[in-house]
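K.L.:
All the letters of the sequence shown, read from the start, carry residue numbers 1 to 107 under UniProt numbering.
There may be inaccurate statements among the hints.
[Unchecked claim] Calculated lysine to aspartate or glutamate pairs in the EDC-like style (CA-CA distance at most 16 Å, straight line):
(1) 34 <-> 8
(2) 34 <-> 58
(3) 72 <-> 46
(4) 72 <-> 32
(5) 72 <-> 58
[As the list claims (entries may be wrong)] Each pair of labels, with its calculated beta carbon distance range:
(6) 68 <-> 23: 30 to 36 Å
(7) 67 <-> 2: 27 to 33 Å
(8) 68 <-> 22: 18 to 24 Å
Think of the hints as simulated: they come from the structure by calculation, not from any bench.
For each residue, glycine too, the CB sits at the ideal point set by N, CA and C.
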Amino acid sequence: MRILVVEDNALLRHHLSVQMREMGHQVDAAEDAKEADYFLQEHAPDIAIVDLGLPGEDGLSLIQRWRSHQAKLPILVLTAAKAGRTKWRCWKPVPTTTSPNLSIWKR
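Required output: the full structure, derived from the provided sequences and hints.
P.N.:
Here it is, written out as structure tokens:
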């Protein structure tokens, strides 16, 4: 599985990437929305892990823009925000699909 990690904190981005690679996944790691757009277009990830607190374009705007351009990949949102309003803005009911290939949760 190819995973796109979008996180501006270099240490967290590194650790997430290392852990996913050790689980056997291919990982692209972006520090901002511009770099994330590149990886989305060039590498077609199976899933994205996106931090909301990105510099420049924030993670929520990035996700909304991707969705408006029909990007259908699953997205896992990371945030250190305590405000419930921020978290609820990320939630949107969408059709749920499952894949027998998903091994991301496998230890």
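K.L.:
None of the hints should be skipped; say for each whether it holds.
P.N.:
Results for each hint:
For the suggested pair residue 34 and residue 8, the alpha carbons sit about 12 Å apart, so the restraint of at most 16 Å is met. Of the pairs offered as hints, the one joining residue 34 and residue 58 holds, with about 11 Å between alpha carbons and a cut-off of 16 Å not exceeded. Restraint check: the Cα-Cα separation between residue 72 and residue 46 comes to about 9 Å, which is no more than 16 Å; the hinted pair holds. Proposed proximity of residue 72 and residue 32 is contradicted: the alpha carbons are some 20 Å apart, above 16 Å.
Restraint check: the Cα-Cα separation between residue 72 and residue 58 comes to about 19 Å, which exceeds 16 Å; the hinted pair is violated. Checked against the hint of 30 to 36 Å, the pair residue 68 and residue 23 passes, with Cβ atoms roughly 31 Å apart. For residue 67 paired with residue 2, a C-beta distance near 19 Å fails the hint of 27 to 33 Å. In this structure the supplied range 18 to 24 Å is violated for residue 68 paired with residue 22, their Cβ-Cβ distance being about 34 Å.
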